[in-house]
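Build the full structure now, drawing on both the sequences and the hints.
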Amino acid sequence: MIAEALALATEEPAGLLPARQQMAFSLGWHIILACFGVAFPTMIFVVHLLGLRGNEVALVLAKRWAKVSAVLFAIGAVSGTVLSFEMGLLWPGLMGKFGDVLGLPFAFEGLSFFTEAIFLGLYLYGWGRMSPRLHLLCLVPMAAAGIFGTFCVISVNAWMNMPTGFRITASGDVVDVEPWKAMFNEGALLQFLHMWLAAFMVAGFVIAAVYAAGILRGRRDRHHRLGFTVPFVFGSVAAVLQPVVGHILGIRLGETQPAKLAAFELADTTEQPAPLRLGGLMIDGEPRYFIEIPNWGSFIARGSFDLPVRGLDTFPASDLPPVNITHIAFQTMVGIGSLLMLAVIVYWLLRWRGRDLLDTRWFCWFAVAAGPLAVIALESGWVATEVGRQPWVVYDVMRTVDAAGDNPGLWWVFGTTLVVYTLLTIGAVLVLRSMARRWREDGEELPSPYGPAALAEDGR
Amino acid sequence: MSLEVAVAAALFVGVLAYALFGGADFGSGFFDLTAGGARRGAEVRTLVDHSIGPVWEVNHVWLIYCLVVWWTAFPESFAAVMTTLIVPLLLALLGIVLRGASFAFRKYSATLSQARTFGVVFAVSSIITPFFLGTVAGAIASGRVPAEGYGDRWSSWVNPTSVFGGIIAVGTCAFLAGVFLCADAVRAGKPDLASTLRTRTLGVGLATGLVVFIALIPIQIDAPTLADGLERQAAPLIICSFLAGVATLWLVWTDRFALARLPALIAVATVISGWGVGQYPWLLVDEVLLADAGGADATLRALLVAVAIAGVVVGPPLVLLFRLTQTERWSR
Chain A
1 MIAEALALAT
11 EEPAGLLPAR
21 QQMAFSLGWH
31 IILACFGVAF
41 PTMIFVVHLL
51 GLRGNEVALV
61 LAKRWAKVSA
71 VLFAIGAVSG
81 TVLSFEMGLL
91 WPGLMGKFGD
101 VLGLPFAFEG
111 LSFFTEAIFL
121 GLYLYGWGRM
131 SPRLHLLCLV
141 PMAAAGIFGT
151 FCVISVNAWM
161 NMPTGFRITA
171 SGDVVDVEPW
181 KAMFNEGALL
191 QFLHMWLAAF
201 MVAGFVIAAV
211 YAAGILRGRR
221 DRHHRLGFTV
231 PFVFGSVAAV
241 LQPVVGHILG
251 IRLGETQPAK
261 LAAFELADTT
271 EQPAPLRLGG
281 LMIDGEPRYF
291 IEIPNWGSFI
301 ARGSFDLPVR
311 GLDTFPASDL
321 PPVNITHIAF
331 QTMVGIGSLL
341 MLAVIVYWLL
351 RWRGRDLLDT
361 RWFCWFAVAA
371 GPLAVIALES
381 GWVATEVGRQ
391 PWVVYDVMRT
401 VDAAGDNPGL
411 WWVFGTTLVV
421 YTLLTIGAVL
431 VLRSMARRWR
441 EDGEELPSPY
451 GPAALAEDGR
Chain B
1 MSLEVAVAAA
11 LFVGVLAYAL
21 FGGADFGSGF
31 FDLTAGGARR
41 GAEVRTLVDH
51 SIGPVWEVNH
61 VWLIYCLVVW
71 WTAFPESFAA
81 VMTTLIVPLL
91 LALLGIVLRG
101 ASFAFRKYSA
111 TLSQARTFGV
121 VFAVSSIITP
131 FFLGTVAGAI
141 ASGRVPAEGY
151 GDRWSSWVNP
161 TSVFGGIIAV
171 GTCAFLAGVF
181 LCADAVRAGK
191 PDLASTLRTR
201 TLGVGLATGL
211 VVFIALIPIQ
221 IDAPTLADGL
231 ERQAAPLIIC
241 SFLAGVATLW
251 LVWTDRFALA
261 RLPALIAVAT
271 VISGWGVGQY
281 PWLLVDEVLL
291 ADAGGADATL
301 RALLVAVAIA
311 GVVVGPPLVL
321 LFRLTQTERW
331 SR
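Chains A and B are the protein sequences, given in the same order. Position 328 of the first sequence, counted from 1, bears residue number 328 in the UniProt record's numbering, the numbering being contiguous throughout. Position 319 of the second sequence, counted from 1, bears residue number 319 in the UniProt record's numbering, the numbering being contiguous throughout.
No lab work stands behind these hints, which were simulated from the structure alone. Keep in mind that a hint or two might mislead.
[Stated by the list, open to error] Pairwise CB distance ranges (calculated):
no. : chain 1 : residue 1 : chain 2 : residue 2 : range
1   : B       : GLY315    : A       : GLY285    : 58 to 64 Å
2   : A       : ASP173    : B       : VAL13     : 29 to 35 Å
3   : B       : ALA6      : A       : LEU349    : 57 to 63 Å
4   : B       : GLY37     : A       : ASN55     : 40 to 46 Å
5   : B       : THR254    : A       : ARG53     : 50 to 56 Å
[What the hints assert, rightly or not] Example chain A residues on the side facing chain B (calculated, C-beta under 10 Å, incomplete):
no. : residue
6   : VAL82
7   : GLY96
8   : PHE119
9   : PHE166
10  : GLU178
11  : ALA182
12  : GLY427
13  : SER448
[As the list claims (entries may be wrong)] Under the rule of at most 25 Å between Cα atoms (straight-line distance), these lysine to aspartate or glutamate pairs were calculated in the DMTMM-like manner:
no. : chain 1 : residue 1 : chain 2 : residue 2
14  : B       : LYS190    : B       : ASP255
15  : B       : LYS107    : B       : ASP192
16  : A       : LYS63     : A       : ASP221
17  : A       : LYS67     : A       : GLU441
18  : A       : LYS67     : A       : GLU56
19  : A       : LYS67     : B       : GLU43
20  : A       : LYS181    : B       : ASP297
21  : B       : LYS107    : B       : GLU43
22  : B       : LYS107    : A       : GLU441
Even for Gly, the Cβ is constructed at its ideal location relative to N, Cα and C.
Structure representation (structure tokens):
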């Protein structure tokens with residue numbers, strides 16, 4: 001891994017490595033908030049609906065979740081803005097050449113972001129100011145915008161993996177641009193489904209984890225049970241469907257991105273049938289420290305027990321992704337995904353038989369851990385698909401090196417980004433924690449920060 | 001109208017909307033910053049919270065709209081601007097990030113000292129962001145962005161046109177915000193607050209108007225192509241801006257704030273359009289003509305479809321949101 005990192009560091013141009021780090025960091029941070037933007041409105045809709053049907057506890061949850069989503073949406077919006085600047089600031093080579101090929105889905109993403117922001121404004125300020133039914137319905141376009149927006153962003157990524165909708169002339173010019181074909185490329189739908197489910201897993205398990213932690217501290221009331229159950233149901237459904245979608249998505253890799261597949265599988269040479277390698281690292285071109293399960297590599301990668309998986313040695317060294325990072329990230333995603341799927345199946349089976357694991361401390365601890373685990377799985381999945389595509393930014397068409405700019409000082413920008421994002425994270429945690437504390441103490445309405453109450457407290 | 005011009009017009013609508021609505025949000029940061037200590041400024045800050053709370057996120061989306069349409073429709077010029085003006089763009093971006101986050105944090109903060117900290121960050125970043133975006137506009141308008149990108153990272157935006165651009169941006173934002181906040185204060189039944197804000201709004205308006213017309217002199221020397229355009233095709237807009245500005249000041253002076261909002265919007269819209277029309281037919285002044293900058297025709301057509309869909313889908317709820325925030329029921 002160190003050797004890989006060093007190899008990356010010595011590549012040209014100067015803007016490449018800091019741009020990579022910066023993009024990875026800011027995207028990795030934003031993607032967590034994006035999950036909440038996508039999945040939270042649907043969950044709020046459910047508790048709000050329950051609330052309108054007479055469940056007081058659910059209505060309280062809806063009001064609180066709306067306030068939490070306002071904070072998360074705000075920082076999600078600004079970190080998303082950072083990304084749209086970064087597209088040009090860090091990757092001028094990509095945007096200058098392919099901006100008109102990949103731009104359309106971004107335009108539609110902007111449209112859905114617009115929709116979400118408008119209806120969020122209406123929803124947040126609509127409590128007591130709109131008819132209850134109309135107010136509830138504000139969540140529907142938000143949820144729909146979350147779905148469509150996810151599709152659009154992922155469509156761009158899918159295009160980077162399976163570029164289409166243009167032709168390159170002998171002199172290197174991009175011609176015959178078909179933006180709709182690029183947007184609705186073959187990879188988009190499945191990759192979108194994978195990300196969409198991931199968003200529900202992350203938001204579902206993280207929110208459930210918060211209430212599981214409350215239960216562990218002895219708050220075994222209806223409020224906490226409902227606060228746990230609603231997101232956990234969403235997380236559970238997504239966790240069970242996710243491996244299926246992931247598998248179908250993976251099968252295609254053998255044809256579309258064989259080098260990524262070989263790195264996923266740690267396949268140094270072509271084998272037929274290929275074994276499944278659990279764990280392991282590539283050291284000096286040899287896979288080591290793994291557990292081998294015969295034939296299953298072929299099944300997982302190709303959907304059949306006897307098809308070959310192409311080995312890394314069949315590619316020129318300059319076309320290979322960093323194997324260990326890709327492999328570890330992929331296995332982490334699959335490992336955590338499988339664990340979460342099994343856990344929710346066990347939980348719901350036992351609950352169906354009349355036993356609620358939420359009454360046991362060990363399961364509550366596991367539910368608390370499931371939140372961060374889902375986030376790690378999400379990040380690993382993203383690393384697997386992004387690092388696995390290297391050295392290409394547009395697969396088989398443009399190398400990442402050629403997408404980067406060569407502005408000096410990008411390391412300073414990256415350093416500043418680290419500091420600012422750390423502050424944002426601290427600010428968000430601080431504010432969310434103090435919201436939760438006040439809810440436990442005084443009830444629903446948060447006082448204005450400049451209102452009389454705050455001033456009296458300050459004593460000036 | 002050629003495809004390029006049609007898409008550029010759609011892009012410019014985004015620039016205008018961002019300057020007007022986003023501008024009014026940014027400008028309220030100026031009043032927040034100058035509101036005084038925690039007790040004295042509490043009323044203004046509560047008003048700011050109330051006024052922009054429901055809409056700031058929506059108004060922010062215009063920026064994203066502009067970026068996306070720009071890189072999709074005119075990709076090479078987008079890359080050229082991004083590589084040349086990396087410094088002011090990064091500083092504006094820093095302001096946007098800090099502002100958005102600290103505004104949300106302040107609203108839900110637990111203690112007054114927390115609220116104060118977030119409030120200062122919010123207010124300061126509300127001022128630096130339009131300043132640096134203004135310098136970017138000045139850099140493009142004065143022909144300092146080379147077509148192939150990577151122009152001088154400093155002199156491209158540290159120059160008379162850019163600096164005036166920055167100051168004008170900050171001033172117009174504050175002026176707009178002042179007029180809107182005065183109207184909001186009256187609607188919320190706080191005439192005393194409105195009269196404090198009124199004095200400051202008049203001051204900001206006079207100062208900004210003065211700067212806009214003083215700026216015409218250095219622009220003559222520093223940005224001849226733009227100056228030429230301002231004197232010819234954009235002259236009616238500049239005159240219109242002057243008249244609307246005077247009308248706004250008079251209406252504010254005579255306490256007719258609700259009515260003053262209209263000429264205030266017109267004054268700012270015509271200044272911004274003056275810049276756009278003044279530099280036409282250039283996209284990057286003296287470097288790239290709009291007609292030569294477009295990406296693939298198929299993409300430009302698709303973009304127009306997207307913009308039309310946006311008008312149908314986003315337009316009505318946007319109008320609803322703005323109407324609601326400007327009604328009594330939501331002012332409580």
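Right, here's what the structure says about each hint:
1. A hinted range of 58 to 64 Å holds for the C-beta pair GLY315 of chain B and GLY285 of chain A, which are about 59 Å apart.
2. Distance hint check: the CB atoms of ASP173 of chain A and VAL13 of chain B are about 31 Å apart, consistent with the given range 29 to 35 Å.
3. Between ALA6 of chain B and LEU349 of chain A the C-beta distance comes to about 59 Å, which sits within the given range of 57 to 63 Å.
4. Taking 40 to 46 Å as the suggested C-beta distance range, the pair GLY37 of chain B and ASN55 of chain A conforms, at roughly 45 Å.
5. Between THR254 of chain B and ARG53 of chain A the Cβ separation comes to about 53 Å, which falls inside the hinted range of 50 to 56 Å.
6. The interface hint given for VAL82 of chain A is met, as the beta carbon of that residue sits about 6 Å from the closest beta carbon of chain B, less than 10 Å.
7. Below 10 Å, beta-carbon pairs count as interface contacts, and GLY96 of chain A has one with chain B at about 3 Å; its hint therefore holds.
8. Hint status for PHE119 of chain A relative to chain B: holds, with the closest Cβ pair at about 7 Å, below 10 Å.
9. Look at PHE166 of chain A: its Cβ gets to within about 8 Å of chain B, closer than 10 Å, so that hint holds up.
10. Given hint, GLU178 of chain A at the interface with chain B, holds; its Cβ is 6 Å from that chain's nearest Cβ, closer than 10 Å.
11. Among the interface hints, the one on ALA182 of chain A holds; its C-beta lies about 9 Å from the nearest C-beta in chain B, closer than the 10 Å criterion.
12. This hint holds: GLY427 of chain A has a C-beta 5 Å from the nearest C-beta of chain B, less than the 10 Å allowed.
13. The interface hint given for SER448 of chain A is met, as the beta carbon of that residue sits about 6 Å from the closest beta carbon of chain B, less than 10 Å.
14. In summary, the hint linking LYS190 of chain B to ASP255 of chain B is supported, as the alpha carbons are separated by about 13 Å, within the 25 Å threshold.
15. Simply put, LYS107 of chain B and ASP192 of chain B have alpha-carbon atoms about 24 Å apart, close enough for the 25 Å limit, and the pair holds.
16. For the hint linking LYS63 of chain A to ASP221 of chain A, the alpha-carbon distance of about 18 Å falls within 25 Å, and the restraint holds.
17. Only pairs whose Cα atoms come within 25 Å are accepted, and LYS67 of chain A paired with GLU441 of chain A is accepted, the gap being roughly 17 Å.
18. For the hint pairing LYS67 of chain A with GLU56 of chain A, the CA-to-CA distance comes to about 17 Å; that is within 25 Å, so the pair holds.
19. Between LYS67 of chain A and GLU43 of chain B the alpha-carbon distance is near 23 Å, which keeps this suggested pair within the 25 Å criterion.
20. As the CA atoms of LYS181 of chain A and ASP297 of chain B are separated by approximately 14 Å, the hinted pair is consistent with the 25 Å bound.
21. Between LYS107 of chain B and GLU43 of chain B the alpha-carbon distance is near 14 Å, which keeps this suggested pair within the 25 Å criterion.
22. Note on LYS107 of chain B and GLU441 of chain A: the hinted pairing holds, with a Cα-Cα distance of about 19 Å set against a maximum of 25 Å.
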